[in-house]
Amino acid sequence: MDILNPYYLQIVTFILINAILGISIYITLSTGQMSLGNAGFMSLGAYASAILTMKLGLPLAFGIFTGGVLAALVALLIGLPTTRLQGLYLAIATLGFGEVIRVVALNLEITNGALGISGIPSLSITLGKVFNSTGLAEALSLDFQVAGQLGLVVLLLLILICVLTFQLLLEKSRIGRAFAAIKEDEHAAEVMGVNVVYYKMLSFIIGAFVAGLAGALYAHSTFFINPTDFSYHKVVDILLYAVFGGSNVIWGPVLGAFILTLLPEVLRFMADYRAMLYGALLVIMMVFRPNGILSRELAAKIRTFLCFGKKSPGGDRQ
Amino acid sequence: MEKKSVFKKIAAMSLAAVMLLAVAGCGGGEKKKEADGGNTAKIGLVTATTGGAAAYGLAIKKGSELAVEEINAKSKTKLALLIEDEKGVKNEAINAMNKLIHKDNVLVVSGPMLSGTMFAAGPIAQQAGVPALGTSTTAEGITDIGNFIFRNAVPESIAIPAAVEKAHKILGFKKVAIMYSNNNDMQVSVFNTYKQVFAKLGTEVVAIETFADKDTDYSAQLTKIQQLNPDILAVAALYQEGSLILKKARDMGMKMPVIGNNGFNSPEFMKLAGLAAEGAIVGSPWFPEKQDEKVQNFRKAFKAKYQHEPDQFSAQAYDGIYLLHAAIEKAGTVSDRKKVRDSLASIKDFSGVTGKFAFDDKRNPKMDINVLIVKGGKFVELK
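Listed in order, the protein sequences are those of chains C and S. All residue numbers for the first sequence refer to this note's numbering, where the first residue is 1 and numbers rise by one. All residue numbers for the second sequence refer to this note's numbering, where the first residue is 319 and numbers rise by one.
Warning: the hint list may mix true and false statements.
What the hints assert, rightly or not - Just so you have them, the derived chain C footprint on chain S, three or more residues with Cβ under 8 Å:
#: 1; region: 397-404
#: 2; region: 416-425
#: 3; region: 432-441
#: 4; region: 659-666
Stated by the list, open to error - Straight-line distance between alpha carbons at most 25 Å, and here's what the computed SDA-like set of lysine to any residue pairs gives:
#: 5; chain 1: S; residue 1: Lys656; chain 2: C; residue 2: Ser141
#: 6; chain 1: S; residue 1: Lys380; chain 2: C; residue 2: Arg268
#: 7; chain 1: S; residue 1: Lys513; chain 2: C; residue 2: Ala275
#: 8; chain 1: S; residue 1: Lys421; chain 2: C; residue 2: Ser141
#: 9; chain 1: S; residue 1: Lys532; chain 2: C; residue 2: Val100
#: 10; chain 1: S; residue 1: Lys532; chain 2: C; residue 2: Asn107
#: 11; chain 1: C; residue 1: Lys129; chain 2: S; residue 2: Ala446
#: 12; chain 1: S; residue 1: Lys532; chain 2: C; residue 2: Tyr8
#: 13; chain 1: C; residue 1: Lys129; chain 2: S; residue 2: Gly447
#: 14; chain 1: S; residue 1: Lys360; chain 2: C; residue 2: Phe269
#: 15; chain 1: S; residue 1: Lys360; chain 2: C; residue 2: Leu95
#: 16; chain 1: S; residue 1: Lys513; chain 2: C; residue 2: Ser141
#: 17; chain 1: S; residue 1: Lys532; chain 2: C; residue 2: Ala275
#: 18; chain 1: S; residue 1: Lys421; chain 2: C; residue 2: Leu263
The hints are simulated quantities; they were obtained by calculation from the structure and are not laboratory data. These numbers were taken from a predicted model, which means no experiment stands behind them. Glycine included, every Cβ here is placed at the ideal spot set by N, Cα and C.
One chain only, chain S, in its complex shape (with noise of 0.2 Å):
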C-alpha cells in the first residue's frame, strides 16, 4: 500500500511538473515570433467554439477565417487570426481577451460574441488601449464600456423598431402579444425594445409571456394568446427557441405574422420550422438573396469552403474582419493601437456583404435595415 502510493504521487507530482514546463514552454515560443512582424496585423477573435453558444460561435469563425483567406490572397497588408474560445463563459472570455492581448500581442481584436461576454472582457480590451469589435453584440449599452469598443451588429435597439415600424405600416396591425426568453440578457434586451416601439406606435399589447432558453414546450403561453387573439405575435428567442414557437402556433391553427429578432436571420431557424416559417418578420442587414454582387461572391465562397449557407453571423464576422482591415490599412501601421482605434472610427464608406456601412459617434453602426418575410420557404423583402 505504502509504495503504491508513493508511486502515485511521483506520478501526480511528474504531472504537475509538464504542466508548469507547458506554460513556460508558451511563453518562451511567444516571444520569439514577435520579431518578424513586418506586414503582418496579429488579430484575436474571441469567439465560442466549445459550449451552448458554440452554434453561433462557430458561424462566427466560419466568417472570419473565410475573410482572412481572401485579404491574405489579394492584399499587401497580410492578417494573422488567433482564434480564442470563450465557451459563451465569462471567466473564460476574460481570460482569453488578456491572453490574446499580453501574451499574443494582438493589434486588434474582433469579439467576443455575447453580450455577456463583451460586458465582462471588453472593459480590459479598453483598460489595455486595444480596440475590440464586436460583430454579435447587440445589447443595450455595448459600447458604453469605452472608446475603444466597437460593434458592426446591429443593436437591436436599431433593428427592432425598423422592422416593427415597417410591418405596422404594411400589416396594420392593432394588437400585439410579446413572447420572450426571460433568462437570456440579450432577450430581455429585445422585450424592451419592443414595449417601447409599440408604445410609440399605439398598438395595444394584449399579453407578455415568458420562457427560458432550451424550453421545448410552449403551449401554455401559446394556448393563453390564442384566446387573446392579437393581429400579430412578437417573439424575442434564438432561432431553436423561434422556430419552436412557430411550429406550435401554427400547430395550433394561429395564422397571425411573427415578428422575430435576429434569432430568425437564419438558415437554420428555417430548417427548423420548415412550413411554419411562412409569414415570420424579420429586420437585418443580412439578407442573402440581395440582388448584390459582394453578397452573391459571398455566399458562393463561403458554399464552397463550407458546404452549407452563411447565417447572419458569418456575414457579420466576415465584414467585421474587412472592417478591421480596412482600419489597419488606412492607419498604415501593423503595431500601432490607438492609431487603428482612430481609424476604425473614421470609417465613413465602407461596403459589405451586410451593406453600407460607417460607425456613428458612439461606434456603433450606421447601416441600412432590411425588413424581410418568409413566402414560400424563402426571405423576401416586405414590401
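Next up, chain C with everything else stripped away, as it sits in the complex (with noise of 0.2 Å):
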C-alpha cells in the first residue's frame, strides 16, 4: 500500500501532466515545426480556467476544457502568421509569443499581476469530496487526501490516454500523413497536392489545445499560478521531454516526462549535487542517443517484441 503514499501519488501526477504536455509539442514537431509557444498557451488554458471557477463559479470540467478551447482560439489567431514561418524563425516568433503572453499576465489586473491567482479550487478535493459522497472512499478504506489524490491521478491518465489515442488515430488517419509527408519534405508534400498551411495551422492549433488542457489541470492541481510558472524555463522543460524521449514515436515524449520528472525526486538523496547529476545525464542520453531514447526503429522492435512476432503494422519507415 506504500504506493498510495500522497507523495508517490503527487509524482504520478506531475508526470502525467508533463506527459500531456510532451506530447503537445510531439504534435506540432510531426509537421516538423518547432513551436515553443507551449508554455504560453498552457498558461492561458491555467488562467482561463482558473479565472472561470474562481471569479464566475463554474465547473471544474468546463473550467479546464474551456481553457484548452481558448488556447486553441489564440493559436488559430497567432498561428495565421506564425505557422508560415521556418525552423528557427518559427520557434523564435513563438518563443515571443509565450513571453509576451507572460507579460501580460504579469500586468493585468485579472490574473493579480506577479502575486499569481492562489486557492485555485483543487481537483484533488473535488474528486476526493466525490468518492467519500459516493461511499468507494469509504469501501477501499481510503482517507480523504489519498482518495482525492488518487481520484486525480486515474483522471488524468484517462485523459492522457484519451489524448495518445486520439493522436494514434490521427497519425493512422489522411491528416497524419499529411502530418508526416511536411515533416519529411514540406515542398515536395506541396507539390503532391498537400495543402501544407492548412496541415500546419491544424496540427499547430491541436498542439495549443492539449497544451491548455494541461495547463488548466496543472493549475487545479497546484492551488497556485503565478506568470514565472510559464517562463522560458518552463518551454524548455517541455521541449526536453520530447527531445529526451524521442520526439518521432508519440511514446518518446511519455517516456521522456516520465523520466525528467522522476529523476529529480529519485536524485533528492544527494541534496545539492543533484542538479549536477541531472544535468550529467542528460548530456550522457544525448551523447549516446542524439534522436532521443525512444527511436523509430527502436519502437518497432518493441512493438514486434510485445506482439510475439507479429508484423508491425506502418511507423517502422526509416
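Given two chains presented individually in distinct reference frames, assemble the corresponding complex, making use of the accompanying hints.
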C-alpha cells in the first residue's frame, strides 16, 4: 500500500501532466514545426480555467475544457502569421509569443499580476468529495486526501489515454499522413497536393489545445499559479520531454516526461549535487542517443516484441 | 550498427533499473528509521539551496542549522533537521513538502521560503495537518491558507507602514516617488502597501516607476524621478536591485533618503551599495547592533560557524527553529501534530534574536519593528 503515499501520487500527477505537455509539443513537431509557444498556451489554459472557476463559479470540467479551447482559439489567431515561418524563425516567433503572454499576465488586474492566483479550486479535493459522497473511499478504506489524490491520478491517466488514442488514430488517418509528408519535405508535400498551410495550422491548433488543457489541469492540481510558472524555463522543460524521450514516436515524450520528472525526485538524496547529476545524465543520454531514447526502430522492435513477432503495421520506416 | 544499438538499449534499460531500485531503496530505508523516535522531533526545512533564490535559501539553512545545533547541545527534546531543496520553484516545493510529510513523516515544517512556493505547498501541509512556519514569507494572505500555516516573518504590511510612518514623523516629507519590481510577487505586494500608507499620510506620490528582477540599468526611471524632485524615494526590491538603484541614484546626485523593504536589511546590501547606502531607511525586527545579549551571542556564534555576519533571513530562520522547539516542548510530544499546532498558536512571551514575539489570532507575528537608517556604513536606529 506504500504506493498510495500522497508523495508518490503527487509525483505521478506531475508525470502525467508533463506527459500531456510533452505530447502537445510532439503534435506540432509531427509536422516538422518547432513551436516554443507551448508554455504560453499552457498559461492561457491555466489562467482561463482558474479565473472561470474562481470568479464565475463555473464547474471545474467546464473551466478545464474552456482553457483548452481558448488556447486553440489564440493559436488560430497567431498561427496565421507564424506557421508561415520555418525552423528557427518559427521557434523565435513562438518563443516571443510565450513571453508576451507571460508579460500580459504580469500586468493584468484579473490575473493578479506577479502575485498570481492562489486558492484555485483543487481537483483532488473535489474528487475526494465525490469519492466520499459515493462511499467509494470508505469501501476501499482510503482517507480523504489519498482518495482525492488517487482520483486525480486516475482522471489524468484517462485524459492522457484519450490524448494518446486521439493522436495515434490521427497518425493512421489521411491527416496524419499529410503531417508526416510535410515533416519529411514541405515542398515535396506541396507539390503532391497537400495543403501545407492548412495542415500546419491544424497541428499547431491541436498542439495548443492539448497544452491549454494541460495548463488548466496544472492550475487545478497545484492550488496556485503565477507568471513565473510559465517562463522560458517551462518551455525548455517541455521541449526536453520530447527531445529526450524521442520526438519521432508518440511514446517518446511520454517516456521523456516520466524520466525527467522522476529523476529530480529520485536524486533528492544527493541534496545540492542533484542538479549537477541531472545535467550530467542529460548530457550522457544525448551523447548516446542524440535522437532521444525512443527512436522509430526501437519503438518498432518493442512493438514486434510485445506482439510476439506479429508484423508491425506502419511507422517503422526509416 | 544493429549490435551497437542493442548495446545502448541495454545500457539505457539498466540505467532505468538502477533508478527504480534507488526509489525502492529509499522507501525501504526510511521505514526502519521511524521506529526509533524517542525524544527526537523531526523538523522539515523547505528552502532553496540551489537556483536563483539560493542566496536567501542558504542564509535560512545556516540559521536553522545553527539553532538545531545549539538546541541539541542543551535541551532534552532533540531535533532532527531534514532539509529539502525547493529551488524557489513551485513544483519542487510541492514535492519537497510532500516528501517531508508523507515519506519522512516530519512533525513540523519550517518553510517554504518564498511567498509563491508557500502558496503552492502550504495547502499540502494544511491538508495533511502539519504545522508549517514560514520564516521569510512576507506577502499578504499567507496564513489565509489555513489554521496550520504560521509565519514569524513580519509581513511587509506591518513593517512598511511602521518604517514609513516613523520616517514621516521625523523627516516630514511631502512628495514621494516609488520604484518597485513588477515581476516579483513580494515586491508588488510591498508596492501596494506603500500606496496605501502614503495615501493615509497624505503624501503626494509624484512618480511610480517599475523595473524587473535582475535588471541592471535604472537610469531611465531615475532620470524621470530626478526631474520631479521628490523629498523621498521608496523602493521595493531585493538587495541586488536595491543596491544598484541606490548606487545609480547617488551617482546622479540624488541625495534624498530612500525607504526600502526587507531586502535592504542585509549585509550584502551594505557591501554592494557601499557609500551609496547612506540614508537608506528600513523597518525590520532584526537589528544587528541592538544591545541585547541574545542578539550579540547569535552574531558571535554565527560568525564563528560560518565566518560571516548573519542577515535577517538567518535570524528569522534561527528564531523559527527555536519557536518550533518551544512549541514541541510545551506540547510534550514528538508525534502529535495537532497538539504541536495548538501549542504553537498559543505562544505568547517568546523572545528571540528578532525581539519579543507572539502570534496574533491569524497566526501572523506580533512584534516590535525597529526603524533603522544607514549612517556611517552602519544601521542605527532612526531617531
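Evaluated hints:
1. 397-404: It holds, with 3 qualifying residues against the three required.
2. 416-425: With 5 residues closer than 8 Å to chain C, the region 416-425 of chain S meets the three-residue bar; holds.
3. 432-441: It holds: at least three residues are needed, and the region 432-441 of chain S offers 4 whose Cβ sits within less than 8 Å of chain C.
4. 659-666: violated (count 0)
5. S:Lys656 with C:Ser141: holds (22 Å)
6. S:Lys380 with C:Arg268: Since the Cα atoms of S:Lys380 and C:Arg268 sit roughly 19 Å apart, the hinted pair holds (cutoff 25 Å).
7. S:Lys513 with C:Ala275: Roughly 40 Å between the alpha carbons, so the hint for S:Lys513 and C:Ala275 is violated.
8. S:Lys421 with C:Ser141: holds (20 Å)
9. S:Lys532 with C:Val100: Given pair S:Lys532, C:Val100 holds - Cα atoms ~18 Å apart, limit 25 Å.
10. S:Lys532 with C:Asn107: holds (18 Å)
11. C:Lys129 with S:Ala446: holds (16 Å)
12. S:Lys532 with C:Tyr8: violated (35 Å)
13. C:Lys129 with S:Gly447: Holds, at about 18 Å.
14. S:Lys360 with C:Phe269: holds (17 Å)
15. S:Lys360 with C:Leu95: Given pair S:Lys360, C:Leu95 is violated - Cα atoms ~44 Å apart, limit 25 Å.
16. S:Lys513 with C:Ser141: violated (52 Å)
17. S:Lys532 with C:Ala275: holds (22 Å)
18. S:Lys421 with C:Leu263: holds (17 Å)
Of the hints listed earlier, those the structure fails to meet are numbers 4, 7, 12, 15, 16, in rising order.
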